[in-house]
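J.: Each chain, written out:
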Amino acid sequence: MKQELRSTKFGKYGGQFVPEVLMPALEELTEQYEKYKDDPVFNEELNYYLRDFAGRPSPLYNAKRLSKEYGVKIYLKREDLVHGGAHKLNNTLGQALLTRYMGKKRIIAETGAGQHGTACAMAGAAFGIKTEVYMGAKDTVRQRMNVYRMELMGTRVIPVKSGSQTLKDAINEAMRDWVANVETTHYMIGSVVGPHPYPAMVRDFQSVIGKEVRTQMMEKEGRFPDSIVACTGGGSNAMGIFYPFVDDDVQLFAVEAGGSGLKTTDKEALHSATLCAGEEGVLHGAHTKILQNKYGQILESSSIAAGLDYAGVGPELAYLADIGRIKPCYSLDSEALEAFHDLCRLEGIIPALESSHAVAYVKKAAASGELGDVVVINISGRGDKDLETVLGMNK
Amino acid sequence: MRISEKFNELKKNNEGALVAYICAGDPTPEETKRYVVSLIRGGADIIELGMPFSDPVADGPTIQAGIERALNGGMTPDIYFKTTGALKVSTPLVVMTYYNLLFKRGLPKFVQDCKASGISGIIVPDLPAEESEELGALCRKHDVDLIFLVAPTTTETRMERILAQGTGFIYLVARLGVTGVRADVAGSTRELIERVKTTTPKAVGFGISNGKQAAEIIRAGADGVIVGSAFVDIIASRKDVEQRLEALARELKEGIRAAHIES
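Protein chains in written order, with my numbering: chain A, 111 to 505; chain B, 307 to 569.
A portion of the hints provided could be inaccurate.
[Claimed, not checked] In silico DSS-like pairs for lysine-lysine, Cα to Cα no more than 25 angstroms straight-line:
#, chain 1, residue 1, chain 2, residue 2
1, A, Lys377, B, Lys388
2, B, Lys415, A, Lys122
3, A, Lys404, B, Lys388
4, B, Lys415, A, Lys377
5, B, Lys415, A, Lys404
6, B, Lys388, B, Lys421
7, B, Lys421, A, Lys404
8, B, Lys394, B, Lys447
Simulated from the structure, these hints should not be mistaken for lab results.
Please read these numbers as outputs of a predicted model, since none were measured by experiment.
Isolated chain A, as found in the complex:
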């Protein structure tokens, strides 16, 4: 089931739908990534940064009180404890190191919630590489603390005022920058989206999550979990925890943002549930599932969680959903908010609103027995960044 990196596709999904000027850069990146991904020196250096800089491995915590409340044994994979407060650094450390190995002098990136941008800023500072991050103007307001965090670490944040002024527009703008500066610049995509090799490369860098869970589950339970549940926007934390289990007898639940319900108009979707409600299409360099109108214009997506607010999804997730290996599902804004409070109150852990979608699905699904006896939830990030949003919702 696992795909060789050499293929640009996952079944019919994936590929490289980009302007001609970028094709050589993608070829170069693929070649360089292939060269270094199994290189012992590269991996030793990466592991050093993951351990001593990022604080890995992240704990796998048996959440006893939440387990009792929801009626299923729950382990939390604590990516919220990784440096920066989210799983995003796993990927940016890998790509920043690769940038250095490729001899490029500048990193650009897009960011939605600001988590990937912050992780880029951290990696950029740690490696001493000039870093510039595109962020939707609307998101710079919603997540102004993350903007400041990036600036503190020497990153320039460029607000994007076109289109819906959110993640999708930030990606468009970052791609334009890359088109113009491809010879000196590495574009650090933050999720398992975009043209090949990004979906495979980001998945591999994030797979450290699932690999750790394998070891930790064997230590704690002597077996693998029955189910793994992860929130899914672009899908990097989901692919990171799913991928090492793809060939095992473990159910994989991809929980999307249901927003205020799975409805769409001609211009916008009230949700970001691409696997659940999207259709096949081509967006940002990949053939995948997307939210679009009848003509193929991309819809503006919506979610309480900025990090899930995206009209596309990683092509490998679209493929795994089609063949029935993962189960796409969703939680509404209101359900995620409720689960957010559950985890705060019962476990003393403030999860990101993104991760709260995964928790919310466990709450709904535990009673039916579909999750089995032991569940791992990926707590992909911490919720400090969301407190203003939550305060606003509670009013």
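Please arrange chain B on chain A, whose structure you already have, making use of the hints.
T.: Chain B only, in chain A's frame:
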């Protein structure tokens, strides 16, 4: 008229082609029809009509703004084909748009609609040669040209692949970056023109805005010059648009003619 016929006709007169881009529906479909007539009157040999897509990653701010105006004006692929079908001009029309609009409409239907509405060629900037097999076959079947872009960064291997598949003309990206008006014409342009070894006509675009630059491009060995942002800028100004579109097309065409007389 087929694109190749147009280039042959021009060649007989020892003349280069002016390919003019505007975005269909910017700001309304009715105005687009009049603008096309102005461009042709000024001397445009081929009209490239953008079909607006919500996420145009290969376009710079100027054309992006034009696309936004067109979408806000209600332009859709259905209206696009109605508009081009109603144009009744002998000048070849080329559609430029992004792959998802073709994919969603269905490639066979898209190509048939092109044929039925008088469009001679298709440019899809986010569709590399590697992914174009199905569309290429449909275009051959319906006698519609599939036009590819090559860039200064295009490797020799990819160049061969692209030249083997492209028909109509080869779209040479003059410099790295997205569409937009630039002050100078890069030296890499001449080098790129020399690297593109084909009998298919070569048209150079990205960053050309006046007659002098157009002449330089033709002198460097191109068969045609593609101009977009400079026209879209005029449309954005909303001042004497038809008259100024015609005047700029005339200036560019004169530059192209002058280059040939000198050489």
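J.: Check each numbered hint from earlier against the structure, then list the numbers of those it violates in ascending order.
T.: Of the numbered hints given earlier, the structure breaks none, since each of them holds.
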